[in-house]
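*Asks:* The primary structure of each chain is shown beneath.
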Amino acid sequence: MSAAQWRRAMNGGLRASSSADAARLTARAAPSRATTLGVAAASDPYAGSGAPRWLKFFWRTLSPRHVFTLALLLVFPWLATPFLTFQVAAQALLLGTIALSLTFLGGYGGMVSLAQMSVAGMSGYALAIFGSSSTPISLGWPWWLAVIVALVIATACATVIGWLSVRTEGIYTIMITLAFGVAFYYLVLQNYTVFNGFQGFQRVYPPEVLGLNWREPVPFYFLCLFWAMAAYLAVKWLVRTPFGIALQGVRDNPRRMAALGFDVVAHRVAAYAVAGLMAAVGGVLLVWYNGLITPGSVNTGWQINILVIAVLGGMRHPIGAFLGAIIFVLLQTFAIDLIDRERFNLVIGVVFLAIVLFSPDGLLGLWAKLRSRFGSNQTVTSLQRRH
Amino acid sequence: MKMKKRIWIRSMVAAAAATALTGMAWAQGAPVKIGVLATLEGPFAAGGADGMRGAELAIKQRGGVVAGRRIEMVRASSNANPDVAVNAVRKLVEQDKVDIVVGPLSGGEGIAVKDYSRSQPNMTFINGGSGAQATTLQNPSPNFFRFNTEGAQWMVGLGKAAMDKGYKRVMVIAEDYAFPYSQVQGFMSEFCRLGGRVPSKAWVPLGGKDYSSVIARIPKDVDALLVVLGGADAVNFLNQYEAAGGDKPLMGGSITVSQDVLNYRGKRRDSLVGTISAGPYADSFDGADWRAFVADYQKNYPVSAGGYPSPSLFALVYYTNMKAALDALDAVKGDLSGGQARYRDALSKLELRMPTGTVRLDGNRQAIGTTFVTEVVKDSRGELTTRVLRKVDNVDQMLGMKREEFQMGSRDVPACP
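Protein chains in written order, with our numbering: chain D, 1 to 387; chain W, 1 to 417.
Accuracy of the hints is not assured; some may be wrong.
As the list claims (entries may be wrong) - Label-pair restraints from in silico Cβ distances:
no., chain 1, residue 1, chain 2, residue 2, range
1, D, Thr300, W, Met398, 51 to 61 angstroms
2, D, Thr193, W, Ile218, 44 to 54 angstroms
3, D, Leu79, W, Asp412, 44 to 54 angstroms
4, D, Leu357, W, Val392, 52 to 62 angstroms
5, D, Asp337, W, Asp330, 47 to 57 angstroms
6, D, Val356, W, Arg169, 26 to 36 angstroms
7, D, Pro82, W, Ser337, 16 to 26 angstroms
8, D, Asn213, W, Ser337, 26 to 36 angstroms
9, D, Leu338, W, Asp164, 37 to 47 angstroms
10, D, Thr300, W, Met163, 41 to 51 angstroms
11, D, Leu338, W, Arg197, 38 to 48 angstroms
12, W, Phe406, D, Leu366, 57 to 67 angstroms
As the list claims (entries may be wrong) - A few chain W residues that face chain D, going by a derived Cβ cut-off under 7 angstroms, partial list only:
no., residue
13, Asn81
14, Lys91
15, Asp115
16, Ala178
17, Pro205
Since the hints were made in silico from the structure, they are not lab data. All values derive from a computational prediction rather than experimental measurement. All C-beta atoms in this analysis are idealised placements derived from N, C-alpha and C, irrespective of residue type, glycine included.
Can you build the whole structure from these sequences, using the hints too?
*Replies:* Below is the structure:
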């Protein structure tokens with residue numbers, strides 16, 4: 001549901017004076033609950049079937065292009081070299097997962113947080129500290145326990161960061177989350193007893209499970225693909241639940257939502273927690289991908305890179321995070337082949353500038369523009385502006 | 001729109017032509033591809049560029065051909081972060097399909113690339129400029145070689161020189177990572193043994209901009225400062241120390257008093273004169289081989305083309321390692337077959353004749369070589385340069401200690417407050 005639709009719904013509901021009315025509105029907007037309330041039942045072809053709700057959700061959202069993309073993703077490792085599978089595809093998927101957490105926060109919650117990479121780094125550091133590495137500091141717990149602890153710690157930290165920053169708006173949110181990120185960077189850089197300072201942790205590898213070495217390109221690719229898709233579908237599903245709809249309401253008009261009886265702060269903090277969990281999953285994958293974690297992985301450059309990825313792809317849709325990540329990783333990897341070796345950062349900068357200049361909505365916006373100019377007369381939701 | 005289309009088509013044609021050309025080159029006589037990784041971004045960008053020059057010079061000296069096989073150099077860049085370095089090396093190995101990797105430049109990167117080298121047992125990795133002790137002391141990798149001596153070896157002899165100058169109490173100001181730990185250990189193990197004292201050490205973050213808190217902490221009763229900072233950090237520190245009215249004599253780490261610092265154009269740079277330091281080379285060393293090397297560097301990379309007046313440390317170490325790679329390739333007649341086993345064998349046995357003396361490897365594939373103790377002086381043209389005080393040969397990684405009593409340098413090892 002886009003912002004404009006939501007605004008229409010809100011304006012239509014101006015007469016609503018109680019939170020009960022608001023709840024009914026929410027239900028109308030959320031097709032997953034439409035069947036029970038019968039407001040929009042006629043438009044739902046699967047309303048009558050007795051299938052479970054998640055299956056109906058799939059039927060409603062899947063289209064031929066989804067199936068095609070999925071098929072392509074599944075056969076990709078056999079079409080590409082191990083290098084492309086591991087360094088380009090797997091890296092893009094895991095960076096996309098971290099960027100997706102920002103897209104969710106920024107696109108649906110209206111809160112641009114620069115701390116997402118730090119949250120990923122927290123889970124990465126926690127994994128290295130509780131799991132095993134070549135540094136004596138590591139506690140050597142079993143990998144599954146270390147992963148769970150890492151996710152819990154990172155999510156808890158993200159919640160705290162969210163709780164402290166939700167009372168700010170716009171540029172102040174960016175500033176306060178940037179401050180958290182920089183503070184975390186200097187903490188891990190200068191603390192030796194827990195974080196091992198500049199050297200960080202080396203040889204943090206994924207475990208061998210089911211007889212597979214998960215650091216091999218193909219297994220690792222599918223590991224990343226699984227979690228990237230899980231995060232993607234989770235966001236797609238979440239933004240249509242009552243919580244997601246309310247979150248978008250909070251984004252568009254927090255005062256009205258508060259007047260309608262929604263707890264604005266609670267919704268925002270919950271959004272931070274959800275985004276934190278996504279970033280934490282990405283962080284675990286990131287450490288396994290690099291095989292190490294050092295302060296260099298959570299510095300300001302990387303905090304901004306995640307924002308660049310999200311903006312590059314387009315914040316309007318969860319898929320934008322992954323599109324942005326693909327472009328970003330391709331440029332990082334191959335720009336050096338295009339131009340004088342000492343100037344390749346220029347190419348990266350120029351491409352970013354060009355995309356943002358010609359399409360403030362990133363690649364998705366560019367695509368929508370092209371479609372509206374040349375293509376069919378389908379409505380292009382991505383072009384709708386939010387003010 | 002039309003214009004855009006034309007450019008697009010042109011670039012496609014150009015790309016196709018480029019692909020065709022490289023394809024032809026491949027058919028002519030299987031060149032050996034050597035990937036070189038240096039930091040062309042980040043805090044060591046200037047040093048990385050000079051490292052590239054050093055590596056290129058070694059290839060040029062052989063006319064770009066070894067044992068009938070053309071040498072093709074593939075450059076890669078990192079920014080001193082280990083994860084970036086591993087990504088860049090992985091691209092060299094798996095995408096660009098190089099035969100040999102030379103690099104990386106900084107300490108943490110070296111450890112990470114060494115760990116990566118274990119996953120590519122049929123490839124040969126030769127260090128570039130990185131000088132962390134752990135690279136060859138902890139979990140050494142059978143296919144990672146280092147023909148440059150490392151950070152601790154570079155400082156051997158400085159402790160004695162400091163005592164000779166009458167410095168009994170010294171404060172250490174160094175960056176907070178593996179390479180400076182090694183440097184400080186190389187200095188302190190000798191200095192403390194001779195009765196010197198180091199009452200205070202300040203570990204500052206790499207790439208720091210503000211040293212005022214460190215400068216304020218310098219005790220009044222120390223005789224000199226040992227400054228182990230690299231590149232821009234060293235210049236920043238020197239500026240701020242001068243501005244704060246500091247007057248203690250300085251001693252420098254091996255990369256503190258390198259050409260890229262000596263070339264700094266600030267008006268206070270004369271304060272560097274008299275600074276003693278130690279390292280694997282000295283600008284003013286008058287061995288014939290060294291003179292020839294410097295002349296060759298100056299001819300190929302004149303100052304007008306971005307080179308330094310005299311090759312920097314990074315140029316030398318990249319030159320050293322690339323020369324080792326090429327000499328060993330010559331020794332096996334360009335034969336890299338059989339998972340490069342014969343090539344690696346030749347590397348281990350290599351007696352490398354270097355501009356600074358002969359280098360050989362120990363059992364962990366780490367160089368045993370020469371260290372120079374130097375002093376900064378001003379030459380007749382007004383350029384800062386270094387003068388050799390002493391030359392120490394056959395410096396090994398144990399710094400004269402027994403293997404069982406040797407402990408790797410860290411923030412707190414060694415200590416003599």
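*Asks:* Going through the earlier hints one by one, which of them does the structure break, listed in rising order?
*Replies:* 1, 2, 5, 6, 9, 11
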